[in-house]
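Taken in sequence, the protein lines are chains A and B.
Those letters in the first sequence? Residues 142 to 294, by our numbering.
Those letters in the second sequence? Residues 75 to 333, by our numbering.
Check each hint, because a few of them may be wrong.
Stated by the list, open to error - Calculated lysine to aspartate or glutamate pairs in the EDC-like style (CA-CA distance at most 20 angstroms, straight line): (1) B/Lys-272 x B/Asp-209; (2) A/Lys-199 x B/Asp-262; (3) A/Lys-199 x B/Glu-169; (4) B/Lys-91 x B/Asp-268; (5) B/Lys-272 x B/Asp-156; (6) A/Lys-199 x A/Glu-149; (7) A/Lys-199 x A/Glu-263; (8) A/Lys-187 x A/Glu-149; (9) A/Lys-199 x B/Asp-321; (10) A/Lys-199 x B/Asp-156; (11) A/Lys-187 x A/Asp-273; (12) A/Lys-199 x A/Glu-225.
To be verified - Computed footprint of chain A on chain B, listed as stretches where at least three residues anywhere in the stretch have a Cβ under 8 angstroms from a Cβ of chain A: (13) 83-91; (14) 241-253; (15) 294-303.
Claimed, not checked - If you only want the chain B side, here are some residues facing chain A, beta carbon under 7 angstroms, derived: (16) Ala-95; (17) Val-116; (18) Leu-119; (19) Met-312; (20) Ser-314.
Honestly, the hints are just simulated from the structure, not real lab data.
Glycine is no exception: its CB is placed at the ideal position from the N, C-alpha and C atoms.
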Amino acid sequence: MIRMRTLEISVGAFVLAGALAFVVLMVQVSGVTFAQDQGSYRVYAKFSDVAGLRVRSKVSMAGVTIGRVTDIKVDTTYGEAEVEILIDGSTGPLPTDTGARILTEGIVGARYISLMPGADDELLADGDYIEDTQGALVLENLIGDFITRMGES
Amino acid sequence: MEILQRLGTRMLERLSKLGQASIMWGMALWGLPRRGDFGLFVRQLYSIGVLSLVIIVLSAFSIGSVIALQFYTQLARFGAEDAVGMGLALVLLRELGPVVTGLLFAGRAGSAITAEIGLMKSTEQLSSMEMMGVDPLRRIVAPRLWAGLVALPLLTAIFNVVAIYGGMVVAVEWLGSDPGGFWSGMQDVVEVWDDLGKGTIKSVVFALVITWIAVFQGYDTEPTAEGIGRATTRTVVMSSVMVLALDFALTLGMYGDFK
Numbered sequence: 142m143i144r145m146r147t148l149e150i151s152v153g154a155f156v157l158a159g160a161l162a163f164v165v166l167m168v169q170v171s172g173v174t175f176a177q178d179q180g181s182y183r184v185y186a187k188f189s190d191v192a193g194l195r196v197r198s199k200v201s202m203a204g205v206t207i208g209r210v211t212d213i214k215v216d217t218t219y220g221e222a223e224v225e226i227l228i229d230g231s232t233g234p235l236p237t238d239t240g241a242r243i244l245t246e247g248i249v250g251a252r253y254i255s256l257m258p259g260a261d262d263e264l265l266a267d268g269d270y271i272e273d274t275q276g277a278l279v280l281e282n283l284i285g286d287f288i289t290r291m292g293e294s
Numbered sequence: 075m076e077i078l079q080r081l082g083t084r085m086l087e088r089l090s091k092l093g094q095a096s097i098m099w100g101m102a103l104w105g106l107p108r109r110g111d112f113g114l115f116v117r118q119l120y121s122i123g124v125l126s127l128v129i130i131v132l133s134a135f136s137i138g139s140v141i142a143l144q145f146y147t148q149l150a151r152f153g154a155e156d157a158v159g160m161g162l163a164l165v166l167l168r169e170l171g172p173v174v175t176g177l178l179f180a181g182r183a184g185s186a187i188t189a190e191i192g193l194m195k196s197t198e199q200l201s202s203m204e205m206m207g208v209d210p211l212r213r214i215v216a217p218r219l220w221a222g223l224v225a226l227p228l229l230t231a232i233f234n235v236v237a238i239y240g241g242m243v244v245a246v247e248w249l250g251s252d253p254g255g256f257w258s259g260m261q262d263v264v265e266v267w268d269d270l271g272k273g274t275i276k277s278v279v280f281a282l283v284i285t286w287i288a289v290f291q292g293y294d295t296e297p298t299a300e301g302i303g304r305a306t307t308r309t310v311v312m313s314s315v316m317v318l319a320l321d322f323a324l325t326l327g328m329y330g331d332f333k
């Protein structure tokens, strides 16, 4: 009987360890937070070019990550990319004249959106658009420009 | 003509084996939920899962630390040591975790299942069970299939955690890369569904295939000492090859968009 009990206890411990491993993988490795972020809100921004930007790319201000890109669509009327950004609730509201630029981490790193703080008294509400945007610098376009200018001179 | 005929016979034999195996598998999985079966299931979970823990933990630690070591030395040339955690977690969750655990599981548990059932068959325990009106599919096969299905994903998760911590010991504690970069780089890139979820699907598929092969090979052995040996070997070889081939197919199917 005692042998049977140690067997069952060890099976229980095994299942528990496995479940615990899944929790560790979710929380520590994937970085899931179970507490739903209170007061996070969505803003939109239109860029002329978002080459290299992806869903879940970082959105930062002064180098601090304050949100993520949640959706990227193309607006065919003007041929612009419309990016949906989810700003963390802990960041607080941003002024309406906040600017957005697409930058690159390092030389070959991932693209991210950098927000530049504005000074307006009015604040961006959920669903508002960021007006002042600057798209990604595409290396091919820069090289193309450079070569045509070389040809002119 | 004769070659063609031989090929045809071989093919038909193979197909009928596959058919038998499928019928057995379906019937075994169908007929579980009855009173008293839970004890059998727990006993199998012990011999399949708990007893595989030692080999899983030991190999996970060595694999995790060796991957971290290799990544670190290569990435340090570009000054990208912070990417060690990220690379380690992705490699483990997506590929190495399920595959290596599957291979070890095939060697450790699959061979044991085949040998056990094969011996039961050759000592005619199975036919005497049938004579007593006990369905061996329900009593012998089903608990093993279910236990494998539960045990392998759990073992894979434990493998991944141990390997990541093993990698951390090497990269952070020993080689002195930055712990903040290690963990946050990992958390930035790893996604619950895309990496953890799809990796877990892989391990469930592997568990199905390995236990299926192991149980059928045991059931199908020639009832001699030599036959049991051959069946055990066949289990390990077939399930290892199937795990690797299926891994490629699953990666291609689930992650797609490589071209």
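Hint by hint, here is what the structure shows:
A hinted pair counts as satisfied when its Cα atoms are at most 20 angstroms apart, and B/Lys-272 with B/Asp-209 does not qualify at roughly 36 angstroms. This hinted pair checks out: A/Lys-199 and B/Asp-262 have alpha carbons roughly 9 angstroms apart, not beyond 20 angstroms. Restraint check for A/Lys-199 and B/Glu-169: the C-alpha separation of about 26 angstroms exceeds 20 angstroms, so the hint is violated. Straight-line distance between C-alpha atoms of B/Lys-91 and B/Asp-268 comes to about 36 angstroms, which puts the hinted pair past the 20 angstroms bound.
The straight-line distance between the Cα atoms of B/Lys-272 and B/Asp-156 is roughly 25 angstroms, outside the 20 angstroms bound, and the hint therefore fails. For the hint pairing A/Lys-199 with A/Glu-149, the CA-to-CA distance comes to about 47 angstroms; that exceeds 20 angstroms, so the pair is violated. With a CA separation close to 25 angstroms, the supplied pair A/Lys-199 and A/Glu-263 exceeds the 20 angstroms bound. Restraint check for A/Lys-187 and A/Glu-149: the C-alpha separation of about 60 angstroms exceeds 20 angstroms, so the hint is violated.
With a CA separation close to 31 angstroms, the supplied pair A/Lys-199 and B/Asp-321 exceeds the 20 angstroms bound. This hinted pair checks out: A/Lys-199 and B/Asp-156 have alpha carbons roughly 17 angstroms apart, not beyond 20 angstroms. Between A/Lys-187 and A/Asp-273, the direct Cα distance comes to roughly 9 angstroms. Compliance with the 20 angstroms bound is thereby established for this hinted pair. About 12 angstroms separates the Cα atoms of A/Lys-199 and A/Glu-225, which keeps this hinted pair within 20 angstroms; it holds.
Counting residues of the stretch 83-91 of chain B whose C-beta sits closer than 8 angstroms to any C-beta of chain A gives 0, which falls short of three, so the coverage hint is violated. For the stretch 241-253 of chain B, the proposed coverage by chain A is not satisfied: 0 residues have a C-beta within less than 8 angstroms of a C-beta in that chain, short of the threshold of three. Evaluation of the coverage hint for the stretch 294-303 of chain B: breached, as 0 residues show C-beta separations to chain A shorter than 8 angstroms, against a requirement of three. The beta carbon of B/Ala-95 comes no nearer than 28 angstroms to any beta carbon in chain A, farther than 7 angstroms, and the hint placing it at the interface is violated.
With 7 angstroms as the threshold, the beta carbon of B/Val-116 comes within range of chain A, its nearest partner Cβ sitting at about 5 angstroms, so the hint holds. Interface restraint check: B/Leu-119 against chain A, minimum CB-CB distance 5 angstroms, threshold 7 angstroms, status holds. For B/Met-312, the shortest C-beta to C-beta distance to chain A is roughly 26 angstroms, which exceeds 7 angstroms, and the interface hint is violated. Against a cut-off of 7 angstroms between C-beta atoms, the interface hint on B/Ser-314 is violated, since the closest Cβ of chain A lies about 23 angstroms away.
Hint check: violations occur at hints 1, 3, 4, 5, 6, 7, 8, 9, 13, 14, 15, 16, 19 and 20; the rest are consistent with the structure.
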